[in-house]
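Peer 1: Residues per chain, in single letters:
2 protein chains.
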Amino acid sequence: MTKRILNRKTTEAVGEQVNVMGWVHARRNMGKVVFFDLRDRSGLLQIVCVPSELDEESKNSLDKIRPEYVIKISGTVQNRAEKQINSDLETGAVEVLAKRIEILNECKTPPFEIDKDTSAVNEELRLKYRYLDLRSARMNQNIRSRHSITQSFREFLIGEDFVEIETPVLAKGTPEGAREYLVPSRLHQGKFYVLPQSPQQFKQLLMVSGMERYFQVAKCFRDEDQRGDRQPEFTQVDLEMSFVEREDVMDLVERSIVNTIQKLYPNKKIQQLPFPRIDYKDAMEKYDTDRPDIREDKNDPNLLAFCWVVNFPFFEKIEDGGWTFTHNPFSRAVPEHREWLLNKKNIGEILTTQYDVVLNGFEIGGGSIRNHEAEALRCVFEVMGIGAEEISAKFGHMLEAFEFGAPPHGGLAIGLDRLVAILQSEPNIREIIAFPKTGDARDPMMGAPDVVSQQALKDAHISIDTE
Amino acid sequence: MTKRILNRKTTEAVGEQVNVMGWVHARRNMGKVVFFDLRDRSGLLQIVCVPSELDEESKNSLDKIRPEYVIKISGTVQNRAEKQINSDLETGAVEVLAKRIEILNECKTPPFEIDKDTSAVNEELRLKYRYLDLRSARMNQNIRSRHSITQSFREFLIGEDFVEIETPVLAKGTPEGAREYLVPSRLHQGKFYVLPQSPQQFKQLLMVSGMERYFQVAKCFRDEDQRGDRQPEFTQVDLEMSFVEREDVMDLVERSIVNTIQKLYPNKKIQQLPFPRIDYKDAMEKYDTDRPDIREDKNDPNLLAFCWVVNFPFFEKIEDGGWTFTHNPFSRAVPEHREWLLNKKNIGEILTTQYDVVLNGFEIGGGSIRNHEAEALRCVFEVMGIGAEEISAKFGHMLEAFEFGAPPHGGLAIGLDRLVAILQSEPNIREIIAFPKTGDARDPMMGAPDVVSQQALKDAHISIDTE
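Which chain is which? The protein sequence lines are F and C, in order. My numbering puts the first residue of the first sequence at 15, with every later residue one more than the last. My numbering puts the first residue of the second sequence at 15, with every later residue one more than the last.
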């Protein structure tokens with residue numbers, strides 16, 4: 015393949031012979047002369063095909079070429095006539111006069127139009143042909159923006175001395191977690207891995223290991239009944255820090271978010287800095303929700319109103335009169351309620367160090383200062399009515415780890431999918447995930463989930479329930 | 015918590031009152047005076063405790079403190095006497111004279127010594143207490159180096175216009191792949207997701223989507239019989255490019271590797287640049303392996319001898335006299351053998367565009383130019399004796415995608431675990447993974463895999479085989 019230049023680079027190559035490659039975005043027949051808009055990763059470029067300039071083979075190709083064909087054009091870059099300049103296009107002042115056209119691959123008629131916004135197209139169809147949907151300008155930009163946002167967080171955190179550390183996907187079940195995906199073990203008959211709902215325990219153990227500042231762009235898994243735009247797998251910017259208090263984490267997270275928006279979305283306006291801190295109690299009284307939308311102008315698409323919600327109750331009553339945690343059993347009580355927890359009194363009044371970050375009415379992140387004292391953590395489980403034996407079986411490794419010099423620590427996880435969707439003004443996180451699942455957790459393109467062979471089931475030591 | 019400074023920063027704070035926090039790395043009693051080496055993420059710092067300088071509470075704490083306690087020291091930074099300067103330590107010219115000592119958390123006696131190399135400690139014990147093992151200097155550095163190497167590849171690829179894109183972990187099974195982990199679906203009784211052995215199909219579909227340059231630091235899963243240092247989950251730097259030929263991919267990958275080594279391992283020496291290209295046939299004849307160790311001096315721990323192995327046979331005979339692929343069914347034949355493939359002749363002589371990159375006798379990466387023509391890919395499956403119906407059921411989505419304007423494309427995956435292990439001079443990839451599994455795929459720290467509740471099995475619509 016002869017050396018190719020990107021469409022964008024043709025503006026610097028006027029008068030030169032070049033090769034460009036890409037997809038036919040549009041074709042315009044003007045009598046004898048044919049114009050193509052050629053699309054590559056750098057943008058669009060106008061190609062002019064005058065039959066007299068083309069060799070015989072290229073002339074034949076010219077008739078065949080339809081939108082979305084993959085072609086290679088060898089030709090000369092020339093300035094457009096003054097009147098033909100398209101100022102909407104980065105390459106709008108130039109065009110390539112084709113000398114040779116090569117069809118690299120053909121394209122059947124796509125099931126929907128790719129050169130337009132595909133929002134209104136039937137979603138099942140879009141997902142079945144996701145590789146075509148991703149060619150549309152909006153979807154392409156969504157995926158690229160997701161990358162930029164992710165990398166912006168990454169660079170910020172690295173600059174703050176964080177280390178990115180991979181934690182296992184084949185993990186152990188957490189007792190608090192319903193709806194975990196099981197993975198049967200072949201080597202250990204009757205035993206299962208579980209896909210983690212979050213790296214919570216691992217990241218806390220990394221604090222015990224002295225890493226001090228951990229982050230990860232982490233895949234998390236939750237087999238929920240699919241409502242709204244939940245996804246069975248989703249992504250968190252997950253972080254944890256040692257030797258910090260609540261405001262330290264909130265300040266750092268706030269700076270990481272503001273940094274990303276100011277760099278990548280200069281047109282967006284952040285309503286208030288620092289993000290206002292709202293008591294859970296006040297939020298419920300004033301807004302009747304713990305995810306208040308505090309935008310002063312809800313019609314302004316560029317307004318971003320963040321707030322922190324704090325001072326949540328640690329526990330809430332469950333049906334049978336017992337208690338469960340509201341957010342995370344590993345959280346620390348606020349310092350002034352530590353004694354209550356240790357003595358298991360005033361349970362309903364104990365506040366947790368939990369902090370949620372809310373954007374325009376959506377919870378985009380949450381975390382807490384953790385219980386690094388084995389004794390206090392044990393009390394949390396006891397309040398929840400978990401017996402000593404069960405505590406030991408399910409949380410023994412965490413309680414033991416906390417006896418080996420666990421530092422005070424806390425962290426947070428940002429829901430990356432939701433944040434990207436809001437920044438890209440998309441109503442649904444499926445629009446900013448390259449290969450999402452449907453509402454009922456299917457992949458119509460690949461056909462997942464699917465039946466598997468009897469041999470695969472046998473190897474995994476399982477049978478399918480038939481009732 | 016009062017503002018803390020890192021140990022490393024004390025060198026710039028001589029004469030000042032500071033707070034430092036961390037773990038007691040070592041304790042030295044010199045009669046009345048006690049010295050601590052305090053360890054935080056930035057390094058070690060000497061603390062001097064003279065009883066007359068301490069308040070009453072701190073004096074009591076002093077007696078209790080043992081190695082690996084988490085403490086906070088408030089004190090004054092002072093220059094050490096000329097003779098006491100430790101030039102091996104970044105903070106070796108200073109020390110902190112403690113005024114106040116606070117125990118933030120205690121530590122039981124660790125099951126092995128943390129201030130020494132833990133290589134020789136029983137591995138089951140190290141894995142059970144991984145959070146302690148990771149405190150040791152070597153393990154801590156391994157995890158930090160893994161982060162730096164990963165980010166170096168990431169930055170290089172982003173600089174080359176690549177976009178990082180997440181692909182699903184809940185995927186569909188691939189027919190070529192034995193030993194895939196199954197994930198039963200709750201919403202679709204009797205159906206299963208499969209954890210991907212690699213993002214191969216997704217990355218090729220991203221090329222069809224026109225992303226042109228994709229990469230991902232991707233978790234991959236393989237339920238192999240655990241031999242040597244294989245892991246059930248492992249990490250690839252996975253990439254794919256459009257409009258390229260074999261040498262384009264090899265050149266880019268080579269530059270990404272060289273860039274990382276020159277930046278992060280200036281003491282290492284790359285034996286030959288560009289990496290020599292060796293024919294599979296020649297490698298087998300000369301070295302009797304397709305992973306030749308071509309180091310000129312195998313005793314030089316800093317010598318890195320890379321080579322590319324190319325021109326592998328596409329197919330190999332299987333027991334029943336049929337054919338299977340040697341590397342990847344999605345590969346393209348070398349251009350001069352394309353016709354053979356399309357006519358299904360000279361099967362045993364067809365060469366694939368596969369390229370493997372080998373370092374000091376280990377295969378650290380491999381890839382190929384892919385078949386972007388549906389017809390040629392169909393031939394590969396036919397050579398393997400797969401019937402039309404099966405081809406359609408298992409690969410129909412790929413064949414169909416290739417009919418919608420698939421560009422020529424190719425890629426590669428670097429085995430990140432192995433590469434990091436070699437660069438860190440570790441014999442085993444378990445040494446450079448934060449939370450690895452044992453040889454038989456267990457996590458002794460968390461206790462995975464584990465039994466799960468009957469309710470969880472019921473929700474997943476499966477039963478355990480008891481025979």
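Bear in mind the hints are in silico, worked out from the structure with no lab data behind them. Don't take each hint at face value.
As the list makes no split between identical chains, a pair holds if one copy fits it or if it spans any two.
Taking lysine-lysine and the PhoX-like style, the derived pairs with C-alpha atoms no more than 20 Å apart in a straight line are [claimed, not checked]: (1) Lys-17 <-> Lys-113; (2) Lys-86 <-> Lys-73; (3) Lys-331 <-> Lys-358; (4) Lys-122 <-> Lys-295; (5) Lys-73 <-> Lys-46; (6) Lys-113 <-> Lys-73; (7) Lys-205 <-> Lys-142; (8) Lys-113 <-> Lys-233.
Peer 1: A separate judgement is required for each hint: does it hold in the structure or not?
Peer 2: Here's how the hints hold up against the structure:
Proximity of Lys-17 to Lys-113 under the C-alpha cut-off of 20 Å is restricted to the intra-copy arrangement: shortest distance 16 Å within a copy versus 69 Å between copies. For the identical chains of this complex, Lys-86 and Lys-73 are intra-copy neighbours only, at 14 Å inside a copy versus 80 Å across copies, given an alpha-carbon limit of 20 Å. Taking the closest pair of Cα atoms, Lys-331 and Lys-358 come within 20 Å of each other only inside a single copy of the chain (14 Å); across copies the shortest separation is 70 Å, beyond that limit. Taking the shortest alpha-carbon separations for Lys-122 and Lys-295, neither the intra-copy value of 59 Å nor the inter-copy value of 41 Å comes in at or below 20 Å.
In the homo-oligomer, the alpha carbons of Lys-73 and Lys-46 lie at most 20 Å apart inside one protomer (11 Å), although the nearest pairing across protomers, at 96 Å, exceeds that limit. When the C-alpha separation of Lys-113 and Lys-73 is checked against a cutoff of 20 Å, the pair qualifies only within one copy, where the shortest distance is 10 Å, while the shortest distance between copies is 88 Å. In this assembly of identical chains, Lys-205 and Lys-142 lie within 20 Å of each other by CA distance solely across copies; the values are 19 Å between and 35 Å within a copy. For a Cα distance limit of 20 Å, the shortest separation of Lys-113 from Lys-233 qualifies neither inside one copy, at 49 Å, nor across copies, at 46 Å.
The structure is inconsistent with the numbered hints 4 and 8, although it conforms to all the rest.
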